[in-house]
Amino acid sequence: MDIAATVRAFFAAQPPVLLIGLAGVVALLSVAGAIATLLTALKPDKDYRELRQRIASWWVMVALLAGALLLGWRATVLVFALISFMALREFLSLAPIRKEDRPAILAAYLALVAAYGFIAADKYMFYLVFIPVWTFLGLPFLMALLGQTRGFLTTAATFHWGLVTCVYNLGFAAFLMRTPDTDRLPAGPAGLVFFLLLVTEFNDVAQYVFGKLLGRRKIAPTVSPNKTWEGFLGGWLATGLLIWFAGPVFTPLAGHGLLVVAIALPLAGFAGDVTMSAVKRDIGVKDTSHAIPGHGGVLDRADSLTFTAPLYFHLLALFALDRF
Amino acid sequence: MGWLRFLLLVLVARPLALFLTGADVTGRERLPLKGPAIVAANHSSHVDTLLLLAIFPSRAVARVRPVAAADYFLRDPVIGWFSRHVIGIVPVARLKAGVGEDVLAPARAALAAGDIVVVFPEGTRGDGDDLGQLKGGVARLAQAFPEAPVTPVWIQGAGRVLPKGEAIPAPLNCAVLVGEPLGWDGDRPAFMARLRAALLALKDQAPPLRWS
Numbered sequence: 006m007d008i009a010a011t012v013r014a015f016f017a018a019q020p021p022v023l024l025i026g027l028a029g030v031v032a033l034l035s036v037a038g039a040i041a042t043l044l045t046a047l048k049p050d051k052d053y054r055e056l057r058q059r060i061a062s063w064w065v066m067v068a069l070l071a072g073a074l075l076l077g078w079r080a081t082v083l084v085f086a087l088i089s090f091m092a093l094r095e096f097l098s099l100a101p102i103r104k105e106d107r108p109a110i111l112a113a114y115l116a117l118v119a120a121y122g123f124i125a126a127d128k129y130m131f132y133l134v135f136i137p138v139w140t141f142l143g144l145p146f147l148m149a150l151l152g153q154t155r156g157f158l159t160t161a162a163t164f165h166w167g168l169v170t171c172v173y174n175l176g177f178a179a180f181l182m183r184t185p186d187t188d189r190l191p192a193g194p195a196g197l198v199f200f201l202l203l204v205t206e207f208n209d210v211a212q213y214v215f216g217k218l219l220g221r222r223k224i225a226p227t228v229s230p231n232k233t234w235e236g237f238l239g240g241w242l243a244t245g246l247l248i249w250f251a252g253p254v255f256t257p258l259a260g261h262g263l264l265v266v267a268i269a270l271p272l273a274g275f276a277g278d279v280t281m282s283a284v285k286r287d288i289g290v291k292d293t294s295h296a297i298p299g300h301g302g303v304l305d306r307a308d309s310l311t312f313t314a315p316l317y318f319h320l321l322a323l324f325a326l327d328r329f
Numbered sequence: 097m098g099w100l101r102f103l104l105l106v107l108v109a110r111p112l113a114l115f116l117t118g119a120d121v122t123g124r125e126r127l128p129l130k131g132p133a134i135v136a137a138n139h140s141s142h143v144d145t146l147l148l149l150a151i152f153p154s155r156a157v158a159r160v161r162p163v164a165a166a167d168y169f170l171r172d173p174v175i176g177w178f179s180r181h182v183i184g185i186v187p188v189a190r191l192k193a194g195v196g197e198d199v200l201a202p203a204r205a206a207l208a209a210g211d212i213v214v215v216f217p218e219g220t221r222g223d224g225d226d227l228g229q230l231k232g233g234v235a236r237l238a239q240a241f242p243e244a245p246v247t248p249v250w251i252q253g254a255g256r257v258l259p260k261g262e263a264i265p266a267p268l269n270c271a272v273l274v275g276e277p278l279g280w281d282g283d284r285p286a287f288m289a290r291l292r293a294a295l296l297a298l299k300d301q302a303p304p305l306r307w308s
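Those protein sequences? They're chains P and F, same order as listed.
Counting from 1 along the first sequence, just add 5 to a position and that's the residue number in our numbering.
Counting from 1 along the second sequence, just add 96 to a position and that's the residue number in our numbering.
Please note: incorrect hints may appear among the correct ones.
FRET-style restraints, in silico, Cβ to Cβ [as the list claims (entries may be wrong)]:
1. P:Ala-125 to F:Glu-197: 53 to 61 Å
2. F:Ser-308 to P:Leu-219: 42 to 50 Å
3. P:Leu-87 to F:Ser-154: 43 to 51 Å
Result set (DSSO-like, lysine-lysine): computed pairs, CA atoms no more than 27 Å apart in a straight line [as the list claims (entries may be wrong)]:
4. P:Lys-291 to P:Lys-51
5. F:Lys-299 to F:Lys-192
6. F:Lys-231 to F:Lys-130
7. F:Lys-192 to F:Lys-130
8. P:Lys-291 to F:Lys-231
9. F:Lys-299 to P:Lys-104
10. P:Lys-104 to F:Lys-192
11. P:Lys-104 to P:Lys-217
12. F:Lys-231 to F:Lys-192
It should be emphasised that the hints constitute simulated quantities derived from the structure, not laboratory data.
Backbone N, C-alpha and C fix where the C-beta goes; we use that ideal spot for every residue, glycine too.
With the rest of the complex left out, here is chain F:
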């Protein structure tokens, strides 16, 4: 099945991302090429996932696995099959968070297998204008894999291409800004503060969104 995913990502996802967003990437050389590695991006649209799968070089793309909500992406068998085998999601049961279940276990397994795990620390799609509250799961993953770099990525404009609740995407340019990887420093709140600051610093460099 791996070859099917690879072909679909390279021959379908990439041209589609290019058509819909122009995939204007700054700092592509800072993307991790081998795992274990964590990529942390803001989230405003399904286009975020498409873009992040499209901008990795071919030799790394088979390793890229977006963390996604099990309650949403595994809700029916067809979407579930597509999510697992084409998008390659790492399912997280976000509804079971905080009830004693280890919801991050699949993400840790992926990192242990040497995958590049893409997380959206906001935990859900926002309105595309501001960075929402960040959830601490990414810090726990970084703590479990201190050797894995955490690369912050700001995606500007995906929320305009396909906002939450819309079905038809409208082609508009998106800027993807890749920041310097952060290392684990032993303190979760401090790590989350650094990640937030890094994402906001990337946002400041992005072209303006005249969208009101």
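Only chain P is shown next, with the shape it has when bound in the complex:
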């Protein structure tokens, strides 16, 4: 009885729209799962294992993130710190690094801990400058002390690129959880993060689906040969419409602000995807790891998010939030 009452109180304390939004995602995944099961039954000669694996992984990711969002900012910051850690570990494992750089690798993980510490402590100004200014300078200084000058500039740039994309940019998604009640959010701070994740992943999926259905003209043949103009434009339109209609439900965005987000966010998602593809091509791998069955590594899944999270954060700060 007590447990049931606690559970009811837990859900009653959540913004109703957030619960509806999460229920929508669960419904969407259920439909996708049903289609995959149906396809497997109808066409036994085709192999749909990867599709089913993909969907199973989506369930795990949705459960993890939804649980964190419902539990509040502490759990969400922790989960994003974990995502950043796994992404950074993938990046540093694949990027060319010199043997002498072991202390610098450890320092990069310390920078991650410090950056998320600033989010937990709600120190926005510290967060803003810590990686782009202080780690940017401090890590190369440490590398200079280590004494190896061969490939110095390339390695310093590698570290910085990894830290900014995997830690600094993804951290903005977690920082949204620190938006105070005074900002009058329609679905709470969790609604802001939920909407960012929803539209970013929707854009990924929509581009993929439109590309599969209509794709003809390649958009970036040397970097990402599977990307087409049709997929890009279809995803842009579909995600733009989703943002335009669902944005006011989960965020305080309206009017011009909403329009700018609807136009810019799908572009940023595409840019993140293509840019990370260029990095992977340079390194010589297709997937950054096998951490997420059917999807590849954490960076394969979060590549668009490394671009959309900071853009979304700053557009919200510009148009709608008083706190930032």
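Please build the complex by placing chain F on the supplied structure of chain P, with the hints as guidance.
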């Protein structure tokens, strides 16, 4: 004591291996689940042992016993107790090899008891880039237990997480590639050549190590 080892392996070694390496395993279904069986892996770091203990399913992990150098792992009583009862090593007196003593006797005893014996045929930790010279002990074990499959495993990147001589591990992804088990074919040099070829073939499938 068995339950303590099991709990430490499942509740400490596994999360630690996951944290430090991501434990990216390809071909996990090819790992032997019951003994007698031999697993032969390349060796560049203590992380190799941690990883190999971490990737076996719970129902098999109690049977997994890494072969380790007695002169190194039994050098003092505390490390010795930990090596025997937690890591579960099969001690091999590698310094006494070639002087008439049967150094492989403990490994054969473990196989006879139905254990999954993990060997590092290079005999010591290498630099992590190349496969060193393989020692023939694994072929003699295979000859003594022709029914035991010998599963080749390539571990990519453990030498970066914790190189020889370093004390602090740096988390970096490791790929573990499990190959098709080899059977004993009656000829030791040919067997060693097949094992070497199998390990190098797995290495070719591993993600690149940009480490210079």
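Discussion item. For a C-alpha distance cap of 27 Å, please report whether Lys-291 (chain P) and Lys-231 (chain F) respect it.
Written reply: At roughly 36 Å apart (the allowed maximum being 27 Å), Lys-231 (chain F) and Lys-291 (chain P) break the hint.
Discussion item. Need the status of pair Lys-299 (chain F), Lys-192 (chain F): alpha-carbon distance at most 27 Å?
Written reply: 31 Å, violated
Practice prompt. Would you mind confirming whether the straight-line C-alpha gap from Lys-104 (chain P) to Lys-217 (chain P) stays at or under 27 Å?
Written response: 42 Å, violated
Practice prompt. Assess, step by step, whether the Cα of Lys-231 (chain F) is no farther than 27 Å from the Cα of Lys-130 (chain F), and give holds or violated.
Written response: It holds: about 25 Å lies between the C-alpha atoms, which stays within 27 Å.
Worksheet item: Given the hinted pair Lys-104 (chain P) and Lys-192 (chain F), is their alpha-carbon gap at most 27 Å?
Response: At roughly 35 Å apart (the allowed maximum being 27 Å), Lys-192 (chain F) and Lys-104 (chain P) break the hint.
Practice prompt. Look at the Cβ atoms of Leu-87 (chain P) and Ser-154 (chain F) and judge whether their distance stays inside 43 to 51 Å.
Written response: 23 Å, violated
Discussion item. Against the 27 Å threshold, does the CA-CA distance of Lys-231 (chain F) and Lys-192 (chain F) hold or violate the hint?
Written reply: Given pair Lys-231 (chain F), Lys-192 (chain F) holds - Cα atoms ~14 Å apart, limit 27 Å.
Worksheet item: Is it true that the CA of Lys-291 (chain P) sits at most 27 Å from the CA of Lys-51 (chain P)?
Response: 23 Å, holds
Item to complete: Please work out if Lys-299 (chain F) and Lys-104 (chain P) have their alpha carbons no farther apart than 27 Å.
Response: Within the cut-off at roughly 20 Å; holds.
Item to complete: Determine whether the Cβ-Cβ distance between Ser-308 (chain F) and Leu-219 (chain P) falls within the hinted range of 42 to 50 Å.
Response: 44 Å, holds
Discussion item. Lys-192 (chain F) and Lys-130 (chain F) were given as a pair; does the straight-line alpha-carbon distance stay at or below 27 Å?
Written reply: 30 Å, violated
Discussion item. Given the hint of 53 to 61 Å, is the C-beta distance from Ala-125 (chain P) to Glu-197 (chain F) inside that range or not?
Written reply: 59 Å, holds
Against the hints set out earlier in the document, violations occur for numbers 3, 5, 7, 8, 10, 11.
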